[in-house]
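Novice: Here is what each chain is made of, one letter per residue.
2 protein chains.
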Amino acid sequence: MSQVDTQLEDIRSQIEQEIPNDITITDVKYEGPELVVYTRDPKRFAGDGDLIRRLASQLRKRITVRPDPSTLSPPSEARQQVLDVVPEEAGISDLDFHADTGEVVIEAQKPGMVIGRRGSTLREITQEVGWTPEVVRTPPIESSTVSNVRNFLKQEREERRDILERVGRQIHREELSDEEWVRITTLGCCREVGRAAFILNTPETRILIDCGDKPGAEGEVPYLQVPEALGAGAQNIDAVVLTHAHLDHSALIPLLFKYGYDGPIYTTEPTRDLMGLLQLDYLDVAAKEGRTPPYESAQVREAIKHTIPLEYGDVTDIAPDVKITFHNAGHILGSAVTHFHIGDGLYNVAFSGDIHYDDTRLFNGAVNDFPRVETLVLESTYGGRNDYQTDQEDSERRLKEVINETYERGGKVVIPAFAVGRSQELMLVLEEAMRNGDIPEMPVHLDGMIWEATAIHTTYPEYLRDDLRDRIFHEDENPFLADQFNHIDGGEEERQEVADGEQCIVLSTSGMVEGGPIMSWLRHIGTDPDSTLTFVGYQAQGTLGRRIQNGWDEIPVDGWGGGGRGDTLTLNMETETVDGFSGHADRQGLENFVKTMNPRPEKVLCVHGDESSVQDLSSALYHDYNMRTFAPKNLETFRFK
Amino acid sequence: MSQVDTQLEDIRSQIEQEIPNDITITDVKYEGPELVVYTRDPKRFAGDGDLIRRLASQLRKRITVRPDPSTLSPPSEARQQVLDVVPEEAGISDLDFHADTGEVVIEAQKPGMVIGRRGSTLREITQEVGWTPEVVRTPPIESSTVSNVRNFLKQEREERRDILERVGRQIHREELSDEEWVRITTLGCCREVGRAAFILNTPETRILIDCGDKPGAEGEVPYLQVPEALGAGAQNIDAVVLTHAHLDHSALIPLLFKYGYDGPIYTTEPTRDLMGLLQLDYLDVAAKEGRTPPYESAQVREAIKHTIPLEYGDVTDIAPDVKITFHNAGHILGSAVTHFHIGDGLYNVAFSGDIHYDDTRLFNGAVNDFPRVETLVLESTYGGRNDYQTDQEDSERRLKEVINETYERGGKVVIPAFAVGRSQELMLVLEEAMRNGDIPEMPVHLDGMIWEATAIHTTYPEYLRDDLRDRIFHEDENPFLADQFNHIDGGEEERQEVADGEQCIVLSTSGMVEGGPIMSWLRHIGTDPDSTLTFVGYQAQGTLGRRIQNGWDEIPVDGWGGGGRGDTLTLNMETETVDGFSGHADRQGLENFVKTMNPRPEKVLCVHGDESSVQDLSSALYHDYNMRTFAPKNLETFRFK
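Order-wise, the sequence lines are chains B and C. Each number in the working numbering corresponds to the 1-based position in the first sequence with 35 added. Each number in the working numbering corresponds to the 1-based position in the second sequence with 35 added.
These are computed hints drawn from the structure, not numbers from a lab. It is possible that some hints are incorrect.
Unchecked claim - Pairs of lysine-lysine, BS3-like flavour, derived with a Cα cap of 25 Å:
no.	chain 1	residue 1	chain 2	residue 2
1	C	Lys638	B	Lys638
2	C	Lys96	B	Lys638
3	C	Lys145	C	Lys189
4	B	Lys668	C	Lys676
5	C	Lys96	C	Lys78
6	B	Lys676	C	Lys638
7	B	Lys668	C	Lys668
Stated by the list, open to error - Which residues of chain C face chain B? A partial, calculated answer using Cβ under 7 Å:
no.	residue
8	Pro262
9	Glu263
10	Gly266
11	Ala267
12	Lys668
13	Leu670
14	Glu671
15	Thr672
16	Lys676
Glycine included, C-beta positions come from ideal geometry on N, C-alpha and C.
Build the full structure now, drawing on both the sequences and the hints.
Specialist: Written out as structure tokens, the structure reads:
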């Protein structure tokens, strides 16, 4: 009998001692980080609202109770029972019964009404129906990503359970080493922006944090081939943690599955969906540009299948000696500052991922409040000594000026934007500006994956800023549903029509003018001196966006919108850069993030910034707050304990 | 056809263009770092003294010319021809013909006379006999280690050729990466003394430097299990470099062969033999103490079989992007400061290994003269702020005082000493002191492996200090052959006789009183208050030697000399510590080593010292010479380029 089985037997007898004699336990097993208890008496369990909480705190585990399959009423009967218990206004749109786990997935427009006050409606469902309810939101805007992911996970349910069980046993395996050390190895995004990837390593456990590509330098990928990264193979990694969905953090995660990785990816639910969307687009763009991407869509599906979503604030065991907690990072939907608690009080590391310190229209500002953190790994995109950005208020004013000036000239405004994050922020700015009459009402065309990304935002309003979340909950106030927003879904023909038509604003991917439909917009509108190309986001070194900002006006238009091989276009439109809409904290924000931490970390590793940015930030934090700071190179290993 | 084969074909046609038309080349292949050229006309090759030198410089390879087997005269005939060519005074003691390579190994008392002026006698042998001569010294004192190693290598000659050919092809493989970086990972001996082990790593190549145990802490071994060390397995290492034979640098090298390593060990010839001696003793001691050692004698033989000996000063390719050169380190016989030249001028790293900066009686001081070195990895055993040792002259005076005082009391002097290094130094001191009448003539008993180690010293006088080498070449002046030295080879009975007998001096292993016959001497003499236990070497933390130095007088005597389980003995003898005989540079020596380097390195990693020693030395070198210095922990990775 393995050590995990012995452990589970112990736990089972502890549970049996704790619960009333007449409740029968039929099985106890791990599924991912959770302990799942099967019982013939799910109603009795649900009847005592405190029982599960008591067990969880006693066993120090997250506990899910499931009915033993033999006790379940038939789905046809159960369906009606659920509809009877849940108030009609919850807007149930789908019910999906899984006999293998005894779970019923309830998709509803208002999940809160299915849950009830402190879970009371859920408990009622369990008591009435026996099946264990799991609630998901009906996307207010139809999102093919969300429905594809949900359908896929439904199909793969059995394999997914096997994965979760295997991962669960891994997490709760016996600790083997009596040594104690904590190390971080830098595999990318050091003294550069792009290819984020780190290994966090203890004698027990090896965790890969992010695994991205580098925009503008496709050959520069994380150093997965050094032995510190995948060691004796990808199966040597215990877990992958993804801080957010942008490709410079997520693009190469599917590659791990090609290399034989078969373990969990911990991230938030919106990041899972956005990651799928962006990775499939990454393959698509590569195919269109005639490149062979390093993996295929099958591996994207593997990544999704292996994702274990966690919510902000959940303290979760992911290894015998590592607990993680995600916190809002304010950068994009689902982005997470990740706190690692290692050993039993041995050491704490926080990875900022990409952060925005102040509140934006979309998100609350990044969380920096941890009970303990000895080392902080901090992004430094705007860490340079002069990287103070305009206030968002001033930026919005300037953007409105640019729009008004362009409008008066009779031109159009073209804004390259990341599909995820800045586009939605701009939509909120534009919607309000038109509503208030600050800029003329005109169509706002959303091209690339912006519409789809927006749909994903409205599926997970819990991850948005408080007041925005409340507006979305009331469908008639959902700003993303405003009339002026047009989803470009008619391809080149529609683009040509828009280009030939009335004044308008175009938001299009890619955000750094590295391919995508923005290339087509440049072809259609780029020669028009009345129109304005407006940069609102960070343009990495080596990208076409950065080169245009620096004055280049000969643009290659190969392969997009029918341009022949080697064609170039002379850019005659105005170009403007409006700072302050970045999803990244500026220098002041980064300093504030560190300054207001309590306690402050002993050590800060400044990463994810150009060489001068990380050096500037590192030396400023050292001088101002007397912390040990570093500006690591890629491929270094720091030992902390 | 592989890339290496193509390369060899190119080389062959270059050689054919360079040599006269009537010399026939039959084969060109790599054997280890050497290019071996087979020819039907070895005499013609040998006739032109400059031809091989010209080819070597043109091809930038080390070249060996061998006769095609078809051209060789029969050994019986060749034997007489060799004896005719070589002057009788050379003292040929063995001739061994290897038909497979066309080599004849000539063992002679005076190898120099077999070689002749600038190799003239060797060339004459080739011209007369056809066979290629290789010369080794007849050990002036019979050494079972040397003869065992030589016989073993003779037996394994065919497999060894295969190994060399495989290694040769590996060394000359195509460079695959267009990246450039240089990293060092610390696997042991950082902020501690013991378990020396480092990985030097480029995109092409992974080299393990040393792989030792830790005296007094047998559980603490180099971190071979972290992926940086053996990566996807021991076969992932390209080469092992051994700086000297002491077990804290060499003990775990055979373990690599158990793990599947099958590559070369680069070291000096005396280090190879001493390594074999010490590793077999390591197994022996473990067996006597009832421990299961991590490998068996078969792996020691593998290590010896895979050793490619290099001489001081030979610049040798060991990988497509790495050349190494050994230099005298002054620490023990064969010890080497190792210089790594990486890439074509990319970067240079020197590993000091253990060094002695000043000349001693046995060795010239450590070499610190390199054309370029950006990073120095420096031992720091005596790097502490107060680790200034007595001059050797004063130390010798004090030792003679201790001996004279003990003699006058009627006691005996017992000196725990490493078999290798300090024992021979002390033998030289004692021999001279008796010759000069500074101390009374009395027997000096050598126990443990001291005698055998001494025999190995006399086999390789080229590695000793100039004047000592010259004395050994004249047998009647060989100080190690002085009458008073007695090899304890009669076991406990002889020890008892010595203990009961006249006044004398005993040199015995182990040097840190961690088992070995010294335990038996303590049992026999430890209770005698007239005798003196005299420490002359470094006693590591955790060893019994260190504890006795600190005043412990209850000594466990288990398992040695018949003491029962759990027996202890109360030490009544005087204890004295005479500094200044260490094989290690003291603080001043370490500073001098760095200070007199020209150019000085940009960075220094201070390793191989207790925590305070490395910190003190690191901060002193930083302040005094304004270099970037580090006191790494184990398990860190530094990137230099």
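Novice: Which of the listed hints are broken here?
Specialist: 2, 16
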